[in-house]
Amino acid sequence: QVHLVESGGGAVRPGGSLRLSCAASGFAFSDFPMHWVRQAPGKGLEWVAFIRFDGVNTFYADSVRGRFTISRDNSKNTLYLQMNSLRPDDTSLYYCAKDLGGGYPQFDSWGQGTLVAVSS
Amino acid sequence: QSALTQPASVSGSPGQSITFSCTGTSSDVGGYDYVSWYQQHQGKAPKLMIHSVSNRPSGVSDRFSGSKSGNTASLTISGLQAEDEADYYCSAYSDSSTLVVFGTGTKVTVL
Numbered sequence: 064q065v066h067l068v069e070s071g072g073g074a075v076r077p078g079g080s081l082r083l084s085c086a087a088s089g090f091a092f093s094d095f096p097m098h099w100v101r102q103a104p105g106k107g108l109e110w111v112a113f114i115r116f117d118g119v120n121t122f123y124a125d126s127v128r129g130r131f132t133i134s135r136d137n138s139k140n141t142l143y144l145q146m147n148s149l150r151p152d153d154t155s156l157y158y159c160a161k162d163l164g165g166g167y168p169q170f171d172s173w174g175q176g177t178l179v180a181v182s183s
Numbered sequence: 003q004s005a006l007t008q009p010a011s012v013s014g015s016p017g018q019s020i021t022f023s024c025t026g027t028s029s030d031v032g033g034y035d036y037v038s039w040y041q042q043h044q045g046k047a048p049k050l051m052i053h054s055v056s057n058r059p060s061g062v063s064d065r066f067s068g069s070k071s072g073n074t075a076s077l078t079i080s081g082l083q084a085e086d087e088a089d090y091y092c093s094a095y096s097d098s099s100t101l102v103v104f105g106t107g108t109k110v111t112v113l
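In the order they appear, the protein sequences are chains A and B. Each residue of the first sequence is one higher than the one before, counting from 64 in the numbering used here. Each residue of the second sequence is one higher than the one before, counting from 3 in the numbering used here.
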């Protein structure tokens with residue numbers, strides 16, 4: 064049974080940084096691409112970042128490219144999101160999501176999310 | 003990259019069938035068969051209901067079905083039940099500058 068647990072969220076000032084983590088269990092973590100998806104309060108889902116199963120390739124949404132960095136440690140079954148230069152519009156619940164593994168991005172398991180609040 | 007367009011809300015009575023759409027472009031919905039649908043109950047994480055346009059993951063009720071025509075994908079819920087009341091989001095692979103685009107979301111209300 065797939066289990067994804069996010070952590071590292073919190074309150075931060077504009078321009079600040081946070082590092083989110085996602086601990087994965089119940090599946091062969093190193094075999095699957097992973098994603099971060101966020102949801103602003105009362106709003107819809109927004110894809111944030113992707114990382115290939117081996118960490119070699121990454122992709123980012125236009126809104127975070129150059130500020131956020133996705134990474135993974137397959138020895139620790141953990142996914143990360145380093146967020147720098149945070150802005151108020153980055154305030155969201157951040158989900159890590161497991162890729163279905165079919166070669167194109169579709170999300171078959173989700174964590175419960177960790178909340179990031181950016182405010183002065 | 004704009005979000006995929008979904009109706010804001012759809013409603014139906016128990017037992018009825020409802021269908022709602024997800025409209026994109028030839029760069030996403032129309033160009034690839036990698037459209038998925040997610041159900042999100044209030045305060046909960048999304049759940050995959052349909053992947054690759056029309057495929058149901060194990061454990062998802064066969065009352066849920068998906069289809070696509072041109073740049074528009076659709077989700078049908080048959081035999082509507084109270085537990086189906088939730089927000090539904092589509093997503094699609096995109097060959098533009100962003101890898102994935104989500105829909106605007108549809109709130110399903112069971113009358």
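Be aware that one or more of the hints could be misleading.
[What the hints assert, rightly or not] With a cut-off of at most 27 Å between alpha-carbon atoms, the simulated BS3-like pairs for lysine-lysine come out as follows: (1) B:Lys-70 with B:Lys-49; (2) B:Lys-109 with B:Lys-46; (3) B:Lys-109 with A:Lys-139; (4) B:Lys-49 with B:Lys-109; (5) B:Lys-49 with A:Lys-106; (6) B:Lys-109 with B:Lys-70; (7) A:Lys-106 with B:Lys-46; (8) B:Lys-49 with A:Lys-139; (9) A:Lys-139 with B:Lys-70.
What the hints contain is simulated information worked out from the structure, not anything from laboratory work. Since we're looking at a predicted model, the values are computed, not measured.
To test your reading of the hints: which numbers does this structure violate?
3 and 9
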